[in-house]
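8 protein chains.
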Amino acid sequence: MPWHVYLSGEIHSDWRLRIANAILDEDLDVELSAPVTNHANSDGGGVAILGEQPSDYWRDHVGAGLNAIRTRTLIEQSDVVVVRFGDEYKQWNAAFDAGYAAALGKPLITLHPEQHDHALKEVDRAALAVAREPEQIVDVLRYVLNGKLPKRR
Amino acid sequence: MPWHVYLSGEIHSDWRLRIANAILDEDLDVELSAPVTNHANSDGGGVAILGEQPSDYWRDHVGAGLNAIRTRTLIEQSDVVVVRFGDEYKQWNAAFDAGYAAALGKPLITLHPEQHDHALKEVDRAALAVAREPEQIVDVLRYVLNGKLPKRR
Amino acid sequence: MPWHVYLSGEIHSDWRLRIANAILDEDLDVELSAPVTNHANSDGGGVAILGEQPSDYWRDHVGAGLNAIRTRTLIEQSDVVVVRFGDEYKQWNAAFDAGYAAALGKPLITLHPEQHDHALKEVDRAALAVAREPEQIVDVLRYVLNGKLPKRR
Amino acid sequence: MPWHVYLSGEIHSDWRLRIANAILDEDLDVELSAPVTNHANSDGGGVAILGEQPSDYWRDHVGAGLNAIRTRTLIEQSDVVVVRFGDEYKQWNAAFDAGYAAALGKPLITLHPEQHDHALKEVDRAALAVAREPEQIVDVLRYVLNGKLPKRR
Amino acid sequence: MPWHVYLSGEIHSDWRLRIANAILDEDLDVELSAPVTNHANSDGGGVAILGEQPSDYWRDHVGAGLNAIRTRTLIEQSDVVVVRFGDEYKQWNAAFDAGYAAALGKPLITLHPEQHDHALKEVDRAALAVAREPEQIVDVLRYVLNGKLPKRR
Amino acid sequence: MPWHVYLSGEIHSDWRLRIANAILDEDLDVELSAPVTNHANSDGGGVAILGEQPSDYWRDHVGAGLNAIRTRTLIEQSDVVVVRFGDEYKQWNAAFDAGYAAALGKPLITLHPEQHDHALKEVDRAALAVAREPEQIVDVLRYVLNGKLPKRR
Amino acid sequence: MPWHVYLSGEIHSDWRLRIANAILDEDLDVELSAPVTNHANSDGGGVAILGEQPSDYWRDHVGAGLNAIRTRTLIEQSDVVVVRFGDEYKQWNAAFDAGYAAALGKPLITLHPEQHDHALKEVDRAALAVAREPEQIVDVLRYVLNGKLPKRR
Amino acid sequence: MPWHVYLSGEIHSDWRLRIANAILDEDLDVELSAPVTNHANSDGGGVAILGEQPSDYWRDHVGAGLNAIRTRTLIEQSDVVVVRFGDEYKQWNAAFDAGYAAALGKPLITLHPEQHDHALKEVDRAALAVAREPEQIVDVLRYVLNGKLPKRR
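So the sequence lines, in the order shown, correspond to chains A, B, C, D, E, F, G and H. FYI, the numbering for the first sequence is 1 to 153, going by full-length UniProt numbering. FYI, the numbering for the second sequence is 1 to 153, going by full-length UniProt numbering. FYI, the numbering for the third sequence is 1 to 153, going by full-length UniProt numbering. FYI, the numbering for the fourth sequence is 1 to 153, going by full-length UniProt numbering. FYI, the numbering for the fifth sequence is 1 to 153, going by full-length UniProt numbering. FYI, the numbering for the sixth sequence is 1 to 153, going by full-length UniProt numbering. FYI, the numbering for the seventh sequence is 1 to 153, going by full-length UniProt numbering. FYI, the numbering for the eighth sequence is 1 to 153, going by full-length UniProt numbering.
Since the hints were derived computationally from the structure, they do not count as laboratory data. Quantities reported herein were computed from a predicted structural model and do not represent experimental measurements. Some hints could be false.
[What the hints assert, rightly or not] Here are the simulated BS3-like pairs of lysine-lysine, each with C-alpha atoms no more than 27 Å apart in a straight line:
| # | chain 1 | residue 1 | chain 2 | residue 2 |
| --- | --- | --- | --- | --- |
| 1 | G | 90 | H | 90 |
| 2 | H | 90 | A | 148 |
| 3 | C | 148 | E | 90 |
| 4 | B | 148 | A | 90 |
[What the hints assert, rightly or not] Calculated Cβ distances over 12 Å to all of chain E for the following chain C residues:
| # | residue |
| --- | --- |
| 5 | 17 |
| 6 | 20 |
| 7 | 23 |
| 8 | 24 |
| 9 | 57 |
| 10 | 107 |
| 11 | 130 |
| 12 | 136 |
| 13 | 142 |
| 14 | 146 |
| 15 | 147 |
Note that CB positions come from ideal geometry on N, CA and C, so glycine has one too.
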């Protein structure tokens with residue numbers, strides 16, 4: 001039975017790809033999932049499917065509804081939730097996902113640079129691991145699945 | 001892992017078929033389920049299986065019991081619940097299913113013409129998407145599974 | 001510890017008042033709650049509090065959001081949920097409440113005239129009692145609290 | 001039975017006080033709770049109580065542990081959760097609380113200026129009301145408790 | 001905060017009274033509840049309140065519905081469930097209550113003569129104590145509340 | 001996805017075999033499970049595996065522990081629970097299973113002769129169908145899976 | 001509403017008394033509870049109430065059953081669970097309580113000398129605070145209730 | 001559908017291997033899982049993956065975090081949890097796992113020598129079977145899966 005790992009958060013860097021490639025290379029028994037990472041589609045899906053809306057607020061509202069169908073379903077189905085905070089943007093939906101996963105009792109791993117440590121202290125406290133690089137996420141998954149430590153880098 | 005989508009509500013139009021055909025055409029990873037849509041069987045199943053009853057009220061009661069075995073089990077197993085309100089009938093069981101799904105935390109999508117908007121406002125408020133045409137349900141499922149927007153119509 | 005009983009559904013007749021008066025008269029250990037029963041306020045509360053909206057649909061949406069805060073909280077807190085279906089209107093929110101309560105495992109009592117029996121069969125099947133008159137609701141509450149039967153009428 | 005309302009988020013403006021005073025003035029049956037709003041105590045409580053730590057990261061970690069005891073307990077006990085996003089700071093713990101409350105099924109109200117609308121769209125989509133001013137929170141509570149609309153301002 | 005103890009099962013002997021009197025004498029902080037113990041009312045309540053039915057089966061059905069409103073609500077509210085099996089009758093509803101309470105995680109105590117030991121082995125295995133006399137139930141409650149052992153008899 | 005159906009209760013007649021054969025004949029997508037139906041093994045398993053015990057009571061206790069591992073796991077995994085009450089014995093564990101399944105929200109079907117109707121009224125009230133013959137269980141399963149009614153007998 | 005705090009673990013030192021006295025002195029809004037701390041009663045309660053047993057193993061078994069009624073009920077009712085590990089004994093029931101509380105999502109605080117740090121690392125990881133002295137428990141409770149830091153010692 | 005059995009506790013003897021070999025030999029439909037049983041990796045994984053820490057306490061803390069990701073996920077996924085207490089060490093994490101599993105309602109089996117009976121009485125009371133030898137675990141699994149008793153030894 002593969003482990004389902006949901007990768008929440010930042011969509012403007014290649015962190016998911018680096019994790020996915022490593023998992024493929026090592027043939028780890030992990031299935032990854034994620035939010036819609038095409039920014040234009042993620043913002044515009046609601047209007048494109050459900051029709052034009054009379055204001056930006058309601059455009060965002062119908063778009064966020066569709067994203068919630070995907071996000072909540074995948075978080076519920078996941079065994080582990082990884083949340084990435086990048087250098088930019090407010091990223092409140094990433095923190096929201098972290099809270100949502102924590103309340104469901106899902107093991108939580110955060111991934112962010114040290115500069116965010118103080119601002120993320122409550123989120124990190126709810127996590128079972130705090131990583132700095134995507135490769136550490138792979139290290140954690142390899143360890144929790146197979147008990148193996150990474151070769152010294 | 002396919003998504004399980006339960007299609008609740010109206011049984012007198014071809015909306016389920018239109019969704020099913022589109023899902024088949026596009027090979028979306030979705031498994032559909034539904035209540036018993038043969039109206040005569042749905043009304044008469046209880047008496048046909050469990051025996052004649054002394055009044056219409058109890059005939060309906062044993063029939064509704066069998067339908068509940070199917071309905072509740074499939075709603076519990078589903079990832080997404082779609083509820084269709086058509087032009088006619090009271091359709092209270094559709095609204096009941098919507099409330100049942102909402103309380104279980106299942107993502108809910110409603111499908112109905114605009115004329116019902118005011119009467120359905122509480123149900124729609126609990127939904128993550130409100131669609132007008134069956135094809136929009138397929139658009140939503142394509143988007144939440146694959147992140148793709150519909151081609152412009 | 002009083003029993004909390006939520007009275008959902010029809011807001012255009014005096015059925016809640018008849019129940020409330022009887023409970024007061026008999027000093028039953030019951031606390032009643034209900035949705036906002038002032039129709040104008042119930043429809044207009046969202047806009048009055050959160051501001052004007054660009055369409056009827058979104059006016060209803062913000063109004064229904066406020067009503068959901070009240071409704072869901074009171075249903076969660078209740079020991080028994082009574083749902084009244086009157087002669088008129090679609091009353092889909094009443095059926096929605098019934099489904100919501102059923103999924104939470106709340107004991108459900110429906111109250112409606114016989115003419116709705118067939119259309120409500122799925123809702124009634126989920127109920128533990130089906131009553132025709134508000135006075136029967138009081139009879140049920142007196143019985144489940146104190147074990148006493150009504151005096152013959 | 002009073003309603004328990006948890007006020008999460010921004011601690012550098014007087015929004016909680018404005019809500020508390022209005023609730024007191026109107027004698028609404030509401031009990032408010034909040035995180036520790038003394039910033040120095042909130043950051044320094046862990047070290048002051050559990051002892052000095054070898055790095056800022058672990059100082060924050062023990063402090064966040066104490067805050068989580070308070071925060072999670074109060075959110076679990078609350079009937080409604082209000083989350084305020086102010087003009088400054090990352091405020092990821094506010095978004096975390098919103099996700100936590102949403103996953104527990106608590107009715108959620110957000111309070112923030114329009115400038116954050118797009119960044120907060122996923123959080124707002126999970127809310128049942130989005131307010132701009134603290135007084136609107138009081139208006140919402142008055143309405144959901146008593147069904148009364150605010151006097152025209 | 002008093003402990004709520006539900007006394008399920010046999011209604012044809014004075015076991016509940018013996019427990020209630022001892023609790024009163026000792027002023028233990030316990031609130032007792034029970035099903036309707038007037039046999040005629042318990043069997044006839046449904047028909048008396050909801051109207052005559054066309055067969056014994058449906059008479060029992062409406063009566064059992066009312067009893068379930070009381071029974072399930074009180075079991076849900078209880079901290080401890082005691083189930084008494086007497087010498088006579090099938091007492092399947094007592095065993096049903098035991099299973100219901102066990103699935104909810106309620107601490108279960110059974111009370112029955114040794115002659116039923118083999119037939120009740122699955123029920124007893126789910127219990128945290130098996131008593132023979134009502135006075136032992138009081139002994140158990142005194143101990144779990146106050147840590148005191150009974151005076152030697 | 002097959003439906004998992006747990007067949008609880010009487011172990012001294014061929015009712016499970018009649019259901020299993022019909023399901024096999026019709027190729028219904030159902031997986032059946034049951035308690036250990038070898039009476040000697042069911043009573044003696046505890047002592048045979050965990051060692052001799054100093055009294056009949058504790059022999060039964062260790063045996064019932066093993067049976068509970070099987071029973072609870074299979075009931076938790078099942079979509080539908082069928083409980084059979086035969087002509088003889090106390091069958092309290094069958095009623096216990098029914099209560100356990102009901103509290104978990106599993107759709108419940110009872111199967112028993114009319115002579116037990118009054119004694120089983122509380123159990124039957126919690127069921128969604130009451131059958132008299134094993135063949136009706138197959139009819140119910142065929143209907144809830146495929147919507148088909150039995151050919152007239 | 002007072003906070004309910006369960007004090008699990010070591011029963012051979014005065015740590016509970018030190019906490020209770022400080023809470024009384026400061027008039028903190030906390031209600032404490034604990035297992036039966038009279039060692040002789042805790043070990044002998046089962047036999048004293050439910051009768052002599054044929055072996056030490058079954059004597060312990062009936063005694064532990066009574067203790068479980070108290071322990072599980074109080075842990076379920078508590079807002080915070082404190083678990084104390086002293087210098088001696090195996091104290092496996094303390095670790096069991098910690099796991100039980102953690103799985104229920106109760107905020108957990110451990111209290112133990114540094115010498116146990118390595119052996120308790122999994123338990124401490126599930127805790128939101130690790131204290132060394134009973135007075136720190138009072139400091140934590142004062143802080144999470146009132147936001148106040150201890151005066152410098 | 002195979003049964004998932006989690007083997008918690010002692011990592012310094014061959015008890016898991018003896019169970020795994022027997023299950024393989026008999027082709028029982030069981031999937032086993034376990035914590036990381038390489039002691040060095042289990043202690044050192046946190047630092048090896050997440051980086052050096054400033055003290056033994058925090059080294060243990062990050063290591064225990066990774067172990068918790070594995071342990072909690074596997075316990076949640078398991079149908080049965082077996083907890084082994086060996087002759088040595090404090091083994092508090094084993095007792096913690098037992099409490100965690102018990103609170104989740106997982107059937108629990110303990111495995112330990114008689115010398116620990118008194119110290120483990122609370123843990124054993126929460127278990128459905130107490131075994132002395134690994135082979136008895138296989139006997140239990142064979143029985144609960146297939147209803148077969150072990151051949152006389």
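Now the hints, each set against the structure:
Among the hinted pairs, residue 90 of chain G with residue 90 of chain H is consistent with the structure: their alpha-carbon atoms are about 6 Å apart, no more than 27 Å. With a CA separation close to 25 Å, the supplied pair residue 90 of chain H and residue 148 of chain A stays within the 27 Å bound. Pair hint residue 148 of chain C plus residue 90 of chain E holds up; C-alpha atoms about 25 Å apart against a cutoff of 27 Å. Pair hint residue 148 of chain B plus residue 90 of chain A holds up; C-alpha atoms about 25 Å apart against a cutoff of 27 Å.
Distance to chain E confirms residue 17 of chain C as a non-interface residue, since its nearest Cβ pair spans about 20 Å, more than 12 Å. Consistency note on residue 20 of chain C: stated as away from chain E, and its beta-carbon is indeed over 12 Å from all of that chain's, at 19 Å minimum. Listed as a non-interface residue, residue 23 of chain C keeps its Cβ farther than 12 Å from every Cβ of chain E; the least gap is roughly 15 Å. Residue 24 of chain C, annotated as away from the interface, keeps every beta carbon of chain E farther than 12 Å; the closest lies near 20 Å.
The claim that residue 57 of chain C lies off the interface holds: its Cβ sits roughly 39 Å from the closest Cβ of chain E, which is beyond the 12 Å cut-off. Some Cβ of chain E comes within 12 Å of the Cβ of residue 107 of chain C; the nearest lies about 4 Å off, and the non-interface call is violated. Residue-level check failed: residue 130 of chain C sits 7 Å from the nearest beta carbon of chain E, not beyond 12 Å. A cut-off of 12 Å between C-beta atoms contradicts the statement that residue 136 of chain C is not in contact with chain E; the least separation is 6 Å.
The beta carbon of residue 142 of chain C is not kept farther than 12 Å from every beta carbon of chain E, the shortest such distance being approximately 9 Å. For residue 146 of chain C, the shortest C-beta to C-beta distance to chain E comes to about 9 Å, within the 12 Å cut-off, and the non-interface label is violated. Distance check on residue 147 of chain C: its Cβ comes as close as 4 Å (rounded) to a Cβ of chain E, failing to clear the 12 Å threshold; non-interface status is violated.
Going down the numbered hints, you'll see the structure goes against 10, 11, 12, 13, 14, 15, while the others check out.
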